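Trainee: The chain contents come next:
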Amino acid sequence: MTDLILGIDIGTTAVKLAAYDLAGVEVFRRATPYPTRHAAAIAEQDPSDWLSLVDEGLADLAAAALADRVRAVGVTSQVNTHVFVDGKRHPLHRAITWKDGRCAAQAARIDAEIDHQTRLEWFGAPMPIDASHMVARMAWMAETHPDIWARTAAVLLPKDLAIAHLTGAVLSDPVSHIGAIAPRGGFAPVFDRVAGARTRLPGLQDPTSIAGMTTLPGASGPIPVATGLMDAWAGMLGVGTRRDGQAMYLSGTSEIAGVLSPNIHAAPGILVFPPYAGITMHVAPTQAGGAALDWIAGVLGLSPAQAIATAKPAAALFLPHLPGERAPLWDAHARGTFLGLTPDMGPAELAHCVLEGVAMAVRLAFEGLDQSAGLRANILNCGGGGFASDRWNQIRANMLDRTLQCVAARDPGALGAAAVAAVAAGLHPNLDAALSQTVRFDRRFVPDRAARDRSDALFALYQPAYEAARATNHALAAL
Amino acid sequence: MSYTLGVDIGTYETKGVLVDADGAVVAMASTTHDMLVPQPGWAEHRPEQDWWGDFVIVTQKLIEQSGIPADQIKAVACSAIGPCMLPVDTDGAPLMNGVLYGVDTRAMAEVRTLTQQIGAEVVLERCGNALTSQSVGPKILWLKNARPDIYAKTAKVLSSTSFLVHRLTGEYVIDHYTAASFSPLYDVTTQDWCLALAPEIVTPDMLPRLMWSAEVAGHVTTQAAEVTGLAPGTPVTVGTIDAAAEALSVGVRDAGDMMMMYGSTIFMIMLTSERVRDGRLWYAPWLFPGQHASMAGLATSGTLTHWFRDQFARELPRDTAFPTLAAEAATIAPGANGLLFLPYFSGERTPLHDPHAKGAFFGLNLTHTRAHMFRALIEGIAHGTAHVIETYREVGAEPARLLAVGGGTNNALWVQATSDTSGLDQIVCDKTVGASYGNALLARIAIGDAKVDDITRWNPVARTIAAQAVPAYAKAYPLFRRLYEQTKDIAKELSE
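Heads up: the sequence lines are chains A and B, in that order. Once you know that position 10 of the first sequence is 10 in my numbering, the rest is easy, because the numbers rise by one and skip nothing. Position in the second sequence counted from 1, then plus 479, gives you my numbering.
Isolated chain A (complex conformation):
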């Protein structure tokens, strides 16, 4: 029986567990959605949902008689989602997710205290402190819930809580704490601004290190759990993107574009993650994606697959900013917009507008990435549930005017986490070796040259349309 590696991904909307053999072939998968509680600026999750879904997944793995073959476990997760735990690693409060804006006042206050020079010294970049920053979360808890703050032993990310749950080890990794790490490593001095924050920070370890050991249910002995890293990185690795000049395109409820390059040219709205293991990731997480397709399908009374099947091109435009937009526009108050409707259009044309609109959002992201990275990646390594439809993939390739190659694995984040764990456990000598053996592409979409004029003409209107509608959409969002 072959050895297996297990990847766990605590995403924003679902917890996924997937086991692969060392060649990357999926032998087990469980993906279960769970809720987020929204209210005004609040977006919070119950950490016990994460842990019980992990436990249920492991029980399924045992029931499938696969647990004993697992040689390493890797965990990845959403980040800028924080959970406050006591000395026994029990959560004291609902997790405050990356989408939660309740700590905006604390963030603004701390941000205002830091001048430009200090910022560069602390972070190596003019990093802003926003409502999702860990230090703002700590300040908020200390001010508004001093009792909880007093009992807080550590503030953890979802992946760190899962690792603590599996191994008992309380730690984290530097890659997952974007905007909180000093240039020479370790948490930045900004945490000294909140009394008691420093002592509540987890220790940091390299992602490919072993965090601790765990014995899976149904398994005979302990196996290593890797320290791991955040979902964007795990996804990037899971689609085989690891060398300069390579690009990734992840698609789920939203679309995330990224490219690797050691060169950094400032580009509006594009994020550049601090380098890790010689990798510098330029990334543009958009807000548009599968959620837009699900939405239009719901409005039309169709399944998403039916909506894609019926789609027909039309001379109309859709801005896919239904929940606002992230990179590169960063506009929480942007909204979805159909422009150019005429009486001959119907469900087929609206559906096509949505598919093309999502692709336009990603084209804008890649154009920013081209600038930021100083290079144009013509082949995009793609992964995630959003690439299920070949028809949509071709529409994307045509709009982007780049070739899409899709990975065989359905959950690139889980595969990336598992690959990191394989390195931690010594099953592969390094990440390069792990990825070259586990990541396989099984579909390729080459842009249709005949579609180029239409794509260019439509895309030329995308940003003007956004600019034109912006003020009104903001006003509508405030109504």
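Be aware that a few hints might be false.
Said to hold, decoys possible - Calculated lysine-lysine pairs in the DSS-like style (CA-CA distance at most 27 Å, straight line):
#	chain 1	residue 1	chain 2	residue 2
1	A	K312	B	K971
2	B	K553	B	K540
3	B	K930	B	K910
4	B	K553	B	K910
5	B	K623	B	K635
6	A	K312	B	K967
The hints are simulated quantities; they were obtained by calculation from the structure and are not laboratory data. The model shown is predicted, which means the values in this text are computed figures rather than measured ones.
Using the hints provided, position chain B relative to the given structure of chain A.
Mentor: Same frame as chain A, now just chain B:
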């Protein structure tokens, strides 16, 4: 007893009524015909069959059904879709199919040529309206250019109503309201034909005699009596276009009265004591001397509710689809949760006059459903209507009384939203018969048996829709106005 006969020829339907001296409808009959589209942009009716043929069928039915002796029918009036362009020979026989109103765009090249030749300002001042596909003058010029063979045989150019009146009486007449659409051949200041602006289109003898709508044009000839069953010698009024007769039928009679017609498009006719001079609104002398009409129309309206039903409510049974959609939309609060709709699917007429404008939804978020979108669509049409009302206010012609007619008045959400966005109450009258009923009154007026004011007795108010202050609409309206301005260039580019 004495009765009057009113007949109206619509785009697809002809309707007739026999009405007694108190305004009671004693008989009603209808028949249907097709609109011919021989090529894109052309729209025609067959005059012998669709106009005169329908008139005969409906009249015969009415006499037969009611059992009323023909000599008790004291006067006849008709109206029809228009303005149309129909060339007839010296015997009054049609030389081709009737070219329909603004839906027929065959003469757009002539519209441009004539506008350039005369000057847009001069056309507006002398004719009261810019030249458009609605104008008959350019269509006659098209005839001269494209069909010189027919033009050479043309003795008169008639509109649909004129053709019917000629068939009944042998007289060639036209009312001033319809004649105002014969631009650039009619001068609204002198209220007379004027060939000076474009002398090449017609000679004076080719145009019918100008009269007022409630004047007696002539009397039913022996020949017409034989065919229709009417009594020879029955007075026939000059009549008018369908929309004007419809306005009359619901009590539009004084300056400040406005008809709001909820049809496939929204069309408005408002009476004024002075001519309203504004390029955004259309102008014509009213049906009676001394009164003026200022008109406006959206490019789409009812057509959009049909579009939405046909495209997004295919699973609903056709006969209950509108009530279901309206009930869904009624569960959504005004403002449709921050969703805004531009109704310019076929461009827009009043007040934007932009053929390149397009439809749009703004402010979409993941919680919006079909119900939100239908509600936003209705509210968008209502905002479009409020924009027209605002235009009337800007030119100092605030409507004093709004009289709602048409199939759309059955959509409570739509009518209420229109009142709420425009800040005006609306009146819905008891009888919803339409233009043919207005014709019956015109006929009665023509023989001196009634005055216009009698319409309030004939067709009393059934209900009033009170305008309510809805903060969500007040907030959305400026955004609605701004969005068109901000996105019109993109809409234009999308059409290219």
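Trainee: For which of the previously enumerated hints does the structure constitute a violation, in increasing order of number?
Mentor: The structure conflicts with no hint, since it agrees with every one listed earlier.
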